[in-house]
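Trainee: Chains as they are written, first to last, in the numbering used here: chain U, 1 to 280; chain D, 281 to 573.
There may be inaccurate statements among the hints.
Unchecked claim - Straight-line Cα separation of at most 20 Å, EDC-like style, residue types lysine to aspartate or glutamate; simulated pairs: (1) D:Lys472 / D:Glu498; (2) U:Lys177 / U:Glu149; (3) D:Lys472 / U:Asp200; (4) D:Lys380 / D:Glu334; (5) U:Lys177 / U:Asp200; (6) U:Lys177 / U:Asp165; (7) U:Lys177 / D:Asp392; (8) D:Lys380 / D:Glu410; (9) D:Lys472 / U:Asp167.
Just so you know, these hints were derived from the structure itself, not from any lab. This structure is a prediction, so every number in the text was calculated from the model and none was measured.
Residues per chain, in single letters:
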Amino acid sequence: MPPADSATPEYRRIAVFGGVYSNYLALAAALDDARRRGVEACFCLGDMGAFGPHPDRVFPLLRDFGVHCIQGNYDNSIARGLDDCQCGYTDPRDNHFARLSYRYTFAHTNPDNRAWLGTLPTALRLQLGNYRLLLCHGSPRQMNEFLWESTTSSAFLDYLMRQYDTDVILATHTGIKWHRALEGGRHFVNAGVLGRPENDGRPNVWYALLTLAQSASEGLVTADPALQVEFIPVSYDHEQLAAQMRAEQLPDEFVATVRTGWWTTCLEVLPQKERRCGRF
Amino acid sequence: MQFPSIPLAHLDDLWFQVSGTVCNLACTHCFISCSPHNHSFGFLDFETIRTNLEESVALGVKEYYFTGGEPFLHPRMTEILELTLRYGPATVLTNGTVFKDHWLQRLRAAEDASTYSLEFRVSMDGYTPEANDALRGHGTFERILRGVRQLLDHGFLPILTVTPANHEDDPHLFERFVRLLRENGYDRPRLKFLPTLRIGAEAKRGRGYDEHERVTPEMMIGYDQARLVCNHSRVVTDRGVYVCPILLEAPDARLGDSLTEALAPFALAHQPCHTCYQYGALCANASSRQRDT
Ligand code: SF4
Ligand code: SF4
Ligand SMILES: [Fe+2]
Numbered sequence: 001m002p003p004a005d006s007a008t009p010e011y012r013r014i015a016v017f018g019g020v021y022s023n024y025l026a027l028a029a030a031l032d033d034a035r036r037r038g039v040e041a042c043f044c045l046g047d048m049g050a051f052g053p054h055p056d057r058v059f060p061l062l063r064d065f066g067v068h069c070i071q072g073n074y075d076n077s078i079a080r081g082l083d084d085c086q087c088g089y090t091d092p093r094d095n096h097f098a099r100l101s102y103r104y105t106f107a108h109t110n111p112d113n114r115a116w117l118g119t120l121p122t123a124l125r126l127q128l129g130n131y132r133l134l135l136c137h138g139s140p141r142q143m144n145e146f147l148w149e150s151t152t153s154s155a156f157l158d159y160l161m162r163q164y165d166t167d168v169i170l171a172t173h174t175g176i177k178w179h180r181a182l183e184g185g186r187h188f189v190n191a192g193v194l195g196r197p198e199n200d201g202r203p204n205v206w207y208a209l210l211t212l213a214q215s216a217s218e219g220l221v222t223a224d225p226a227l228q229v230e231f232i233p234v235s236y237d238h239e240q241l242a243a244q245m246r247a248e249q250l251p252d253e254f255v256a257t258v259r260t261g262w263w264t265t266c267l268e269v270l271p272q273k274e275r276r277c278g279r280f
Numbered sequence: 281m282q283f284p285s286i287p288l289a290h291l292d293d294l295w296f297q298v299s300g301t302v303c304n305l306a307c308t309h310c311f312i313s314c315s316p317h318n319h320s321f322g323f324l325d326f327e328t329i330r331t332n333l334e335e336s337v338a339l340g341v342k343e344y345y346f347t348g349g350e351p352f353l354h355p356r357m358t359e360i361l362e363l364t365l366r367y368g369p370a371t372v373l374t375n376g377t378v379f380k381d382h383w384l385q386r387l388r389a390a391e392d393a394s395t396y397s398l399e400f401r402v403s404m405d406g407y408t409p410e411a412n413d414a415l416r417g418h419g420t421f422e423r424i425l426r427g428v429r430q431l432l433d434h435g436f437l438p439i440l441t442v443t444p445a446n447h448e449d450d451p452h453l454f455e456r457f458v459r460l461l462r463e464n465g466y467d468r469p470r471l472k473f474l475p476t477l478r479i480g481a482e483a484k485r486g487r488g489y490d491e492h493e494r495v496t497p498e499m500m501i502g503y504d505q506a507r508l509v510c511n512h513s514r515v516v517t518d519r520g521v522y523v524c525p526i527l528l529e530a531p532d533a534r535l536g537d538s539l540t541e542a543l544a545p546f547a548l549a550h551q552p553c554h555t556c557y558q559y560g561a562l563c564a565n566a567s568s569r570q571r572d573t
């Protein structure tokens, strides 16, 4: 691997958050957890709003903790005042709920925050030791591309690594975390999301922790520290979030997801393997 | 007349015309006029498939699709899918009428052993036996439902691609259809709706295309090319590699003998291109749909 480019920030341990979907309670819990684990920096891969209540409560947390943010499709829509979230649902039921939450989120995001979302970069590059990392929302080539574990070949991931000249790609957008180690010490990581549980019947959410692990041969000049990828479960007061969603008259279907951990909407985009794991 | 030329942005989807134009049914609207006797394209041999899978790795292919004809008429279809699942996700477009339980059992085991999904897309025409059987043949609605039950029994969640009949815009018909699927054990049906393509047998049945239904260069201004299959796919047949699974009957749609020879841009000179233009990537699964921001 080539040496670090001096313009690229270099770290040894970072936390990477996927979509927040207005879940400021989970974001606060994740920030707290990451700090306790001694991360040097936190990154958020975008989709700050959607789904949850009080979208404006997310922004002070992101700023106060100095989270490095990139723009998701939702952020892009909100910033540009588009009339939908660019998830592209075709199922009328999915579309109905997507529209409801988009309208709510747009109306409750103050203009300064909307403008701020518009200033976010669509990708970030950094170094973790010798590893070159590329952070994006959907995929490096397209903000709203779904990269699911069961529908993304390793050949395609290898192609992305070559095309974007990187060793590690981090993305979100699908809502379900996964990690694949590729040949040549490369990695693809979908960091999951903080916004809603991942359709496994458990109410917690997840983020990704990336650490340069010293190998057993530490001390030897030849030892190249390996990249360690962990997914960290985050519990938060989901009943409080559910109560606030109800008070804001957000759909009961969304509230049910927060409380039960099962997805009830936007199911059409799930591939078979991922769909089979859920209840609906 | 000038036609817009569409580059292959990246070979995301590799299609296999695995059973050629051979099908156990002879639907009146089949856009490449498949039937038990149409051998204009034949079965792909196993080695051709293996070679193309190997070649596709360096090209960074993301997903594999199998179509025909009816793919499950291919005597080695189970083996072909088992092999494919070692390379990436696979989707089969089937009419659902010829499954054998022991094939499905093997395929379920192969999917469980793989990282990747094996998707079944079962085509139906309309919500009722009357509408469907008028196009697909007598008794086919029932046979398709049986195929769906077989897939469900093996834990597959098929995507039903439905082309509603013209008179079927009544929402009650749709609700009745969903209820019928429930009664057949499919309580969370995955549905995808398709428009009709007016070529092949369809042109004889309904109306063909009008001469003005062509894609012009002006129409491409501000248009998202990713909506077109030819922007991210190629199809392997027993007669070479073609630009897309829709244009098999057009001589200029054959781009080369092998994948690497078939990566050149393609001019949208054909009338079906107009339907693609209007409706977008008809052939992609929802989980892979691309749309530019
Ligand atoms: S439409 Fe499908 S099932 Fe019908 S004849 Fe054509 S290939 Fe066979
Ligand atoms: S029929 Fe559709 S996919 Fe095929 S070349 Fe024309 S526009 Fe492209
Ligand atoms: Fe997103």
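Trainee: For each hint, tell me whether it holds in the structure or not.
Mentor: Right, here's what the structure says about each hint:
1. D:Lys472 / D:Glu498: The given pair, whose Cα atoms are some 30 Å apart, is violated under the 20 Å limit.
2. U:Lys177 / U:Glu149: At roughly 8 Å apart (the allowed maximum being 20 Å), Glu149 of chain U and Lys177 of chain U satisfy the hint.
3. D:Lys472 / U:Asp200: Violated, because 25 Å separates the two Cα atoms, which is more than 20 Å.
4. D:Lys380 / D:Glu334: violated (29 Å)
5. U:Lys177 / U:Asp200: holds (12 Å)
6. U:Lys177 / U:Asp165: Not OK: Lys177 of chain U and Asp165 of chain U at ~23 Å, beyond 20 Å, violated.
7. U:Lys177 / D:Asp392: Between Lys177 of chain U and Asp392 of chain D the Cα gap is close to 19 Å, so the pair holds against 20 Å.
8. D:Lys380 / D:Glu410: Given that 20 Å is the threshold and the Cα spacing comes to 26 Å, the pair is violated.
9. D:Lys472 / U:Asp167: violated (37 Å)
This entry does not satisfy hints 1, 3, 4, 6, 8, 9, going by the numbered hints stated previously.
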